[in-house]
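On the provided structure of chain A, position chain B as indicated by the hints.
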Amino acid sequence: MSMAPNQGTHDDHDDGHAHDHAGVVDDVMPGYFEIMETAVRELLVEKQLIGAGEIRRQIEVLDSRTPALGAKVVARAWVDPGFRARLLANGRAACEELGISFYDDTGLIVLENTDKVHNLIVCTLCSCYPRPVLGLPPDWYKLKPYRARAVVQPRAVLAEFGTIIPDDVEIRVSDSTAQVRYLVLPRRPAGTESFDEDELAALVTRDAMIGVVPVSVPGSAP
Amino acid sequence: MSKGSPAQTPFAPIVEAEGEAPAFAVGERVRISVRFPVGHYRVPHYVRGKQAVIEKVIEPPAVNNEEEGFGRNAGSKRHYYRVAIPLGELWAGYAGSPKDGLRIEVFEAWLERI
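Chains as they are written, first to last, in my numbering: chain A, 275 to 496; chain B, -19 to 94.
In isolation and in its complexed conformation, chain A is listed as follows:
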């Protein structure tokens, strides 16, 4: 590893390990939005509108949400027709049934993919995403190329994810703009008739619940 001369390698003193690496120095200067976030956060705490502990707690809440929760929801819908019907009727209530709480005021509409309809979700305005059931969105979901193109040329965007949707299948792009979030209920792949609920959940990926790829079984053609 090459070093800039002014960073030092600190391998000239005894710190208990032998490899060289850059000394611990200040990171680059924070950017405009990082400074704005810090300023707003400190003001809110200073004015006692929120406590520093509440922010930490909310980060814990967000960290506890991952695509594994959504995958459990999907697998349950695949094996339990009654749950599937409740999920499609009221996504939020059905998730709450499984113990997945909604810590905000968002609703959830679950969009079922079929052999005639393929659903795709996007937030053209920002990064609205079903965080209570999927956690934080991937970076590409928040970036302008996906946000702009998903509503203009969804078939081309899907093809870039390797997903070719036949012309006779209708594409529905749901743009999340206000209080409702969306979760795609992918099609259960063929050849999984003998799978139990946990095995099914293990197949369901984040991207499949956004609608950019189908669920596939490893080792078989998608």
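It cannot be assumed that every hint is accurate.
To be verified - Below, a sample of chain B positions facing chain A; criterion: calculated Cβ distance under 8 Å:
1. Ile38
2. Asn45
3. Lys79
4. Asp80
5. Gly81
6. Leu82
7. Glu85
These are computed hints drawn from the structure, not numbers from a lab. Backbone N, C-alpha and C fix where the C-beta goes; we use that ideal spot for every residue, glycine too.
Frame of chain A, contents of chain B only:
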């Protein structure tokens, strides 16, 4: 459900508050308003002025997020509607299937009857 009609309950006639019942019904054709108020609004520019069909009335009614977002009294609740717009109507020369469409939720105050 027609606007202002008495609710079908054993206790009818119940008079609903103004704005309590959805102004638009599933299947109704609407136009999304063309307005350009200053600020960040939850109606993307690309759908303003477009015709849409009401696909679902979103319950429960909610406060007007624009008023709320700007710190004004947002006490009046109205419905959001999930509306459908064909991609071919949004984008001239759309290359995909004519069945392809957008779904988006729009607050009642942004919808016009046509």
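Status of each hint after checking the structure:
Hint status for Ile38/B relative to chain A: holds, with the closest Cβ pair at about 6 Å, below 8 Å. Checking Asn45/B against chain A by beta carbon gives a least distance of about 6 Å; that is within 8 Å, so the hint holds. A cut of 8 Å between beta carbons decides the hint on Lys79/B: the least distance to chain A is about 4 Å, and the hint holds. For Asp80/B, the interface hint holds, the least distance from its beta-carbon to any beta-carbon of chain A being 4 Å, beneath 8 Å.
With 8 Å as the threshold, the beta carbon of Gly81/B comes within range of chain A, its nearest partner Cβ sitting at about 6 Å, so the hint holds. Interface restraint check for Leu82/B: the shortest CB-CB distance to chain A comes to about 5 Å, inside 8 Å, so the restraint holds. The beta carbon of Glu85/B is positioned within 8 Å of a beta carbon in chain A (closest approach about 5 Å), and the interface hint is therefore held.
Of the numbered hints given earlier, the model fails none.
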